Structures are given as C-alpha cells and as structure tokens.
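Asker: Chains S and A supply the protein sequences, listed in that same order.
Using the numbering used here, read the first sequence as starting at 1 and increasing by one per residue.
Using the numbering used here, read the second sequence as starting at 290 and increasing by one per residue.
Some hints here could point you the wrong way.
Unchecked claim - Label pairs and their in silico Cβ distance ranges:
hint, chain 1, residue 1, chain 2, residue 2, range
1, S, Gln43, A, Val433, 46 to 56 angstroms
2, A, Pro906, S, Ile98, 13 to 23 angstroms
3, S, Ser95, A, Asp430, 38 to 48 angstroms
4, S, Gln43, A, Val359, 17 to 27 angstroms
5, A, Arg732, S, Asp34, 29 to 39 angstroms
6, A, Val325, S, Pro81, 24 to 34 angstroms
Said to hold, decoys possible - Residues of chain S placed beyond 10 angstroms of chain A at every Cβ, according to the derived structure:
hint, residue
7, Asp2
8, Ala269
9, Arg276
If you're looking for bench data, these hints aren't it; they were derived computationally from the structure.
For clarity, every value in this text was computed on a predicted model and none was experimentally measured.
Note that the Cβ used here is the ideal one computed from N, Cα and C, for glycine as well.
Okay, here's what each chain looks like letter by letter:
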Amino acid sequence: MDIYRPASWSEALEVKRGAPESVPLAGGTDLMVDLNFGRARPQALLDLTRLAELAGWDRDNGRVRIGAGVTFTTLIAELAPELPGLAIASRTVGSPQIRNRATLGGNLGTASPAGDALPPLLAAGAEVEVASAARSRRIPLEDFFIAPKVTALEGGELIAAIVVPVADGPQQYSKIGTRNAMVIATVSFALALHPGRRRVGTGIGSAAPRPLRATEAEDFIGGVLAEHDLWSSGAPIPEPASARFGELVAAAAQPIDDVRGTVAYRRHALAVLARRTLAWAWSDYRSAA
Amino acid sequence: MSRASTAPVAPPVAPPKEGVPVQGGVGTSALRPDGVPKVKGEFAYSSDMWDEHMLWGATVRSPHPHACIVSIDITDALKHPGVHAVLTHEDVAGRKTFGLERPDQPVLASERVRYRGEPIALVAAAHPETARRAAEAVHIDYEVLQPVTDPEVALDAATVALHPSGNVVRHIHIAHGEPDPEADVVAEATYEVGMQDQAFLGPESGLAVPDGSGGVDLYVSTQWLHVDREQLAASLALAPEEVRITLAGVGGAFGAREDLSIQIHSCMLALTTNRPVKMMYSREESFYGHVHRHPARLNYIHGATTSGELVFVKARLVFDGGAYASSSTAVCANAATLCCGPYEVPNALIDCYAVYTNNPPCGAMRGFGAVQACFAYESQMDLLAAKLAMDPVELRLRNAASTGTVTPTGQKIEGPAPVAELLTRVRDAPLPPPGSPGTPDIRELPGGVSNATHGEAVRRGIGHAAGYKNICYSEGFDDYATARVRLSAPAGEPVVEVHTAAAEVGQGVATIQLQIARTELGVEAAVLRPADTSIGSSGSSSASRQTWMTGGAVKTACEAVRERVLSTAAEVLGAEPGELYLSNGLVMSLELGAVYSLAELLGDTVVEATREYRHAPTSPLDANGQGNAHAGFAFAAHRAVVDVDVELGLVKVVDIATAQDVGMALNPQAVEGQIEGGIAQGIGLALMEEVQVIDGVIRNPSFTDYLIPTSLDMPPVHADVLELGDPGSPYGVKGVGEPPVISSTPAVVAAVRAATGRALRRIPMRPDDVAGLTDRSPAGEAPREPR
Ligand SMILES: Cc1cc2nc3c(=O)[nH]c(=O)nc-3n(C[C@H](O)[C@H](O)[C@H](O)COP(=O)(O)OP(=O)(O)OC[C@H]3O[C@@H](n4cnc5c(N)ncnc54)[C@H](O)[C@@H]3O)c2cc1C
C-alpha cells in the first residue's frame, strides 16, 4: 500500500489528480476501523492530517467556513454560539478520544446515514466546498449524499470545507441510542428555527439510506407559524400542530429493520424527537424574544 | 535449616505482640502486582507477545451455520508467497475432537460444519495479512443444509440429529416433595433471555514455540492451564509433559476462555513449521471464536397460599447450547438446581434441557446458568406478589431461605444463608433523591448525552431481587487446587515464593495468593511465580472458586512450611512448637517475645511444601434430581432505582443498592471491584447486551453494535458487604465474583416494569419493548412434557 503525505492542500490535490484511487485519511476513526475489519483494502492512502488549510474555520458574511479537518472537539469548543445544533450533535459523537480525532470532513466522507453532523448541517442549510486540482465548486449538502457511503465527489475531488449559515435562531439535535453515551444513532433529528426567513429547517438521521430533510414537515410547521403570526407573537405552538409536525417527520423517513432498531420504533421515536426538539427550540425563541 | 547461630537474637526494643499484622496481608486492600503496569499501559497482554522468528496463524472458518463439506482445496493458498503451512483435519495428529466436558467439537471440521465460524483450515505465514489472504484462497465446497436454530425444534424427535447422540445435550429432571400439591394462587409466565457475550477486551491470542524435539511451549491467555493441556496433548498426540503451557497476560475472561480457541491450532502450526507461531483473533473473529452465555426460554408456574407461602414451583427450562457441548451440561445442572431461587420451596417439579442447535456454541459465562434462572424466578416472585396484592419484598421475606433450608435437590444449606437480612438491607438503604427539577443535566436523564429528553415522559421505578449461586465445582467433580510455597532468605531477608497454576484473569487471584502467604508466614516480601503447568492443577478460574480453592491450597502449603520452621526453631530453643509463632520476619515466643530472626534461622536453607486442597465432596444428582450436588452457596440482593423515558423506552439506572455475604473480605477493594463490575454486566444484560443471531448468523459481531454499559450507564453502587464466614472454606471466604451479576438484572427489569407497567419478559429489554411498541415477551404457556 502506498501512503502519500502531502504537505500542502495544493499538493494534496495534485496527488489526488495523479492517483485518483488513493483514499483520503483524516482522523481515521472510520477508515482505520474498515481496514482493521478487512472491509477496505485501499491501494493507496492520502494522508490529510498535516494540512493546516483544512484544520481551521473562519467567519465571513454571515457564514462559517469550516475546514474539512476540523475535529468535533473544536466544533464544541469554538463554534457552539454560531452553530448550536452542530455543537449539540458533536457532543453526542463517540467518546472524548474519538471527538479529538474525528473530523467533520470525515463524517461527510463516510456518508453514513447515522453521521451525527449531517442532520444539523441539513437543517441549517449547509453547502459542501469540494475541490480538485482543476476547480472548486459548492454542492448543497442535500445533493451531496447519493446512497450509503456514496457521495457526489468526482474522480480527483476532495472535500475542502463545509460552509454553514450562522444560526439566526435556536437549533436542536436529539438522537436515540440504546445506551447513554458512545452510541451510533438508531435514529436522530435536527431542527433549526430561521426567524429571519420565517422558516424551519429539519434533518433526519439513521432513518433512510441517506440523511434527509423532512420538507413537507418544514412547510407545514412554517405555514402554521406564519398563519397565526406566531413568529411575532411568540405564542405557544398549538399542540395538534406540533403533533402533526411529528407525524410528518416520521412519514418522511424510510427506515429499515436492523440490529439497532425496527421500522416501527424508528418512526415512533422520530415523531417524539420532532415534537420535543420543536418545543425546546420554540421555548428558547420565546424566551429570547 | 541454619544451625550456624544458636543464640537467640537480642529482643527488639518493643517486641511485636501476637497478631501484629504483616503489611499487605489478608483483610487489607493490598496493591495488585499487575495494577500499576495495567494503568500505565505497560502490562504485557497475550496479544503483545513477539518472537523475532515467529509466523502468524490465521483460521479459515465456515460461512454457513450448517453444511456438509464436499471438498477442501488448499493448493492456491499454499502457492501464496510467504505462506509456510496450510493445515486441515488431516493434519490433526491425535484426537480429532476436543471439548471441556465431552470431546464433540472437531479441531478442524472434516465432513460437516455445525455453526457459522467453525474452523476448517489453518494458515501460517510470515505476515498476518499474508496469512489472512491465503486463508481466503482456501477453496471449500459445501453442500449447504438447513440450519436448526430453534431449540424447541431441535428437541423435536422429527428434527435431524446434529450429533450422533441426538440433540439433547442434557436433561435434568427434579421431583421434590409432593407431585400434585394444591395452591390458592398461581402465577404462570414464560421468560426469555438473549445471548450475552463476555465482551472481554483482550482478543484470543497466544504464542506457540516448538522445542525442537517434538514438544511445544504455549503462552496463552486462558482460564485453566491443565484442562487446556489435557486437550492439547490428546489432539497433538503428545505426552502431557511435552506440552508446557504458561499463562500469558489475560485481558478479561468471564468464562469465555474456558474453551479452547487458538491453543491446538497454534501448536499444530508451530510443530509443522518448526517456527514460533502467533495467533490473535480480530474483534469480529473473536465473536465467532468463543462461546457465549446460553440463550434460554423458561416456563414457570408458582403456587402459593393466600398468605403468600410458596407451595410449589413447576418449571421447564430450555437452554440453547449451540453447535457443541462446551460446558452445557454443567450450566444445565446449575440452572436446574438453583431454579427455585433462595427460597423455601416445599414442592418442585423441574425439567431443564440443554440442546444442540446450529447457533454459535454457548458455554461458560459469569453466573453460569444461575443468571437465566434468576431473571425468571425473581420475575415470578413479583408476578406472584402482584396476584397476592402483596409487597414484593414482603413475599420474598416470608419465603426466604436460611441455614438449614432444604433445596429442591434435597440438599440442606449449611452455613449462613442470610437471604432475609440481605433483602431487608437493600430495601432499607437510603433512596436517591428524586430527579432534579429545573434545568436538568442531560447526563442524568434517560438517553444521556444523546439529548433525547429534558424530563418529558420520565418516570421513576424501583425493583428488588435476590439470588444465589453454587460456589466451586459440583456434582461429585474432584475439584482441587495445588500450591507450592518456598520460604528462604536469599539476601539476609526472608522471602516467600508462591507457585500455582491459578489463572489471573483480572479478578485478583495473584494478589490474594500473596496476601495469604504474607499472613501465614509473617513475611512481607512475597513473590508469585508465573502460572504454568510445571506445577499441579489449580482448577479453573471460574465458579467463583479461586480464592477458596487456590487460596486454600496456598494457605495449606504455608501452614506446612510454618510447621517445619517452627519445629526446627523449637528444637533449637528446646521449646514446644506450640509456644512459637511467626510475625513480621521474626520467630516469636508467647513467653519471650522475639526469639529469632527468621532470616538467621533459615540461613541458606529453603523450606518448601507442595499441597493440594479439596473442598468437601459433593455428589451427583440421581434420576429425580436429588443429591448434595453443591459445595457451598453465596447469596446477594439488589435494589435498582431507574428513570425511564416511557415514551422513547430509554432507561437511566439511577442507583443500585446491594447487600452480599462474602464470607470474609480478604481484599476489600477487590471485593468492591467484583461487586461493581458484576453489576455493570447485570445491567448490560437487562438493557443492551445481546449477540443478535438470525438464522445462525451473528448480526452484530463488533463493539459498534454489541453494546456494553459505559460510565454514563453505570449508576453509583451502595454495597453492604457482610462477612458471616463459611464454615467449610479457608478464612470463611465465599466466592464473590458471580452473585453481583445474578440478581442485579432482575432488579433492573423489575424497576423498569414498575415505571412502565409493562410485562417485559424478555431480556435484554429493547427500547421498543419498554415503550410498548412491541411485546417480545414470549407467550405464557404451561410446562409441557418433552416431545
Ligand atoms: C468508537 C467510535 C465511535 C464513533 N461514534 C460516532 C458517533 O457517535 N457519531 C458519528 O457520527 N460517528 C461516530 N463514529 C464514526 C467516525 O468517528 C465519524 O464518522 C468521523 O466523523 C469520521 O471522521 P475521521 O476524520 O476519523 O474520518 P476518516 O476515518 O479519516 O475518513 C472517513 C471517510 O471520509 C473520507 N474523507 C476524509 N476526509 C476527506 C476529505 N477531506 N475529502 C474527501 N474524503 C474524505 C475518507 O476517505 C473515508 O472514506 C465513531 C467511530 C468510532 C471508532
């Protein structure tokens, strides 16, 4: 197995152009597990861990641009005010050791429907900045995931960064696992209130071949909030409306039965999480108003 | 013994009084010799072993749970550069099968495979990856057969026999008291226990080194060196002394290392290649490479009077032993004999089966048959209490076993049996405060850091359970342990050296042996020789027996050494040996105080004694399941307090109170460790730990999906340790390791039932069950006659 260790981002892109079969290695918390279990035997590895260009984030024009190599520990420590939903999700990832190594870019690269960073990024309306030696482009996150472990990345492309609008309202993330820490989601749900745009964003994890938005539920609850002008009044959301929101979120999912849970439980839990996260976020919104 | 100086030493300034305890003796929390290296990451586990010239072994395993082997073609594998050997059943020089209780398991399968993951061929190569790739190049043609995966189906006479002896590994029938007693109130239900894994962290591993003259030295992590050696010698066609086994660093065991894994295979490869061979399973392979806890289905009918006195228990228990016998017959015996719980049960009718299926083989795991039974009988006590409208603890107290209670096998319980006291203590232990109001800390709530609830739908429940377990080997087994103790003074200071074959599997038996030697000989400097087969057997590190058994052997050997030392001293002094004793490196006289320095008395002589220790004999069960089958019993009780998110079915165990009679706490900290660790495993079985097997295939062979409790799942434990002393054991000790895992599970389940009002008759409970979406509780039905 060849191991490329580029010292700069441009060098990395050059290597990837020359050796498109080389597999990028970031924190290794997914890739090394696959190697260990014999599920992956790449011909070449492209080590991205030395690239300073991937390791930082900056804020510009109401958006945060997060380098693909930023770890969950950094997201929690530095970005909780700007991206509260992503920070809550990051706190649920693995253990401290994993959070110290695992990167946001790796979470996207793995493209598991259970990736904890993905639902809050969907709810927030994130884009993925991908680059090759030839060009750089931005892909809406929704279009980035094609199937489990399959992304929209093309031959010589790498993930450079994730670009996320700074939160303009409360955000929440909630997941289910059969133990109280260090667990892969049975199902998860993210919610973002966008008072400026009078919209509600959602993201569903572990309940379909790829992470999803529940667009019908988003439109429904957005309609309810607008209809009663709740954004201005800050009055409580009527109980039947939040129940309906939960049902629509559950209906958007396409879950399967597997070792982590059943179809019935996943739908049920999604409806509960959707109702609860909406209540928490709305309560934050009202108390901030 | 040294005669150089006959003059007594000058009395020290203040002569130590009799009983001044030596540092690190029994009753102290002496430091573990392996503690600091383990914490620092410097401890050498079996997987760390290395030899410059070694090869790596890999195992070819069956992808099918049930198939006939049509052909095995190793040509391509042999052609791989770097491959030194590819072996099959044809290369097994001696007995083609092995097994703890009966040799029914092929060393390498020849005609038929009976479980997914069964070893068929072996490869040795210069690099582990080469070995794995070559293993993939062994071509095997199968004729795939329908697997038998339901134990009830396996019991059916019409079902294909998986072994020549049929599908029943063992059936135990117990008839006790009247056959058809009348009861006022009857409670009946069926319970199910999923397959739990021991989840040790150190994978199966070892290094086999050929000695150049046909024999082999094996360094391996195991639980019982001598039973390994017996099986190795038979299959390698070597004399026992040609197979020498040394214990390598063990990364946890819990029963999973009682059966052979890499032992015969690595030795075969080493003897064939004449090179040292290392084998180490990956985590996934490990799930296929060791036995698990038996899944079980348990039908129970309890009958009682209106005032809550138990009249009878009828039960039919079926244990899925998987493809090979392993220790199923002993597990079956424990389950059957203990299946009425620590209660006075005047009449009992029990049928307990262990059966062969094409599921992964099941065998020993901490609690060994008592765990499955306890979940069912304690659930029954709660069900009965509900029918009687009685407090569940009150019902238990009314029927609690005590000294002199006769168990359903007709055995009278000798020694303390403080069931009522243990239950009262956990019931009366202070309760944790109610969940905190205001902004909650999500780590304190069901779901923990997953942020699933901020208090919505959270309800508290409390549950109690008691349980008991036989200690040591049972049913007439010749259970013994051997110890050699040497006392010398090599550098002018007395040193005691202890040598046994007891496997230190993390439980602390190394520490205990040193503590006993220090106390018995009054010598602080104690060292332990590596456990190996150059000394006699210590028996298995299982059945909560090592402190009792190897502890007993070390104590007896020390007593023999002490007697010799004191009689020499007495001779020299012209005193009576009875007037002398050893304390802190000195020979003491009752009258004169210190009369001799032990080092001086010893000079350059070495006093050595080897002793075997046996517990009181036990007897087999007769056709009606009657007999004094067990050497002793240990008891514990648990109270669990849980918070349940009843809508999502998530559970947070808030608090566990436990009371346990340990006989005597030789090392209080080790006792605490056993109690807390056992409870963690008990909580795991209640809430999450299950090897999910579908059609004979393990669906979750990794720690990503086989979940064990984390620190956020483990509550604070309030342990009340009683030291009532067993009359039949050294120092009065009882086994400590198993009782904590037995009744903690039903206590947690009872607490979740209290919070949810649901039946929850299957463990582990899944969120679906707890939330009431599914009810996987098996249908209740009367015990049936075997088909
Ligand atoms: C014990 C444990 C617990 C875990 N718990 C969780 C959890 O709770 N939640 C969760 O979501 N995940 C969890 N994971 C999975 C893993 O930690 C995450 O998916 C993590 O984000 C992966 O990041 P990494 O930097 O380690 O990626 P790597 O393993 O280095 O890479 C992952 C994939 O992304 C690709 N990749 C990496 N960087 C780039 C790039 N810049 N451009 C293109 N492709 C790239 C790699 O080629 C590879 O295919 C856990 C893993 C372990 C071992």
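Asker: Taking 10 angstroms as the cut and beta carbons as the points, is S:Asp2 off the interface with chain A?
Answerer: holds (15 angstroms)
Asker: Examine each Cβ of chain A, and state whether all of them lie more than 10 angstroms from the Cβ of S:Ala269.
Answerer: It is violated; S:Ala269 is separated from chain A by about 6 angstroms at its closest Cβ, not greater than 10 angstroms.
Asker: Do the beta carbons of A:Val325 and S:Pro81 sit within 24 to 34 angstroms of each other?
Answerer: Because 43 angstroms falls outside the window, the suggested range is violated.
Asker: Given the hint of 46 to 56 angstroms, check if S:Gln43 and A:Val433 actually sit that far apart at their C-beta atoms.
Answerer: Violated, since S:Gln43 and A:Val433 (Cβ atoms, about 34 angstroms apart) do not stay within the stated range.
Asker: Could you see if the CB distance from S:Gln43 to A:Val359 stays within 17 to 27 angstroms?
Answerer: violated (35 angstroms)
Asker: Is 29 to 39 angstroms respected by the C-beta to C-beta distance linking A:Arg732 and S:Asp34?
Answerer: holds (31 angstroms)
Asker: Please settle this one: S:Arg276 was flagged as non-interface, so is its CB more than 10 angstroms from every CB on chain A?
Answerer: violated (6 angstroms)
Asker: If I claimed the Cβ atoms of S:Ser95 and A:Asp430 lie 38 to 48 angstroms apart, would that claim hold in this structure?
Answerer: With a Cβ separation near 45 angstroms, S:Ser95 and A:Asp430 satisfy 38 to 48 angstroms, so the hint holds.
Asker: Starting from the hint 13 to 23 angstroms, judge whether the C-beta atoms of A:Pro906 and S:Ile98 obey it.
Answerer: Violated: the Cβ-Cβ distance is about 53 angstroms, outside 13 to 23 angstroms.
Of the numbered hints stated above, those contradicted by the structure are hints 1, 2, 4, 6, 8, 9, listed in ascending order.
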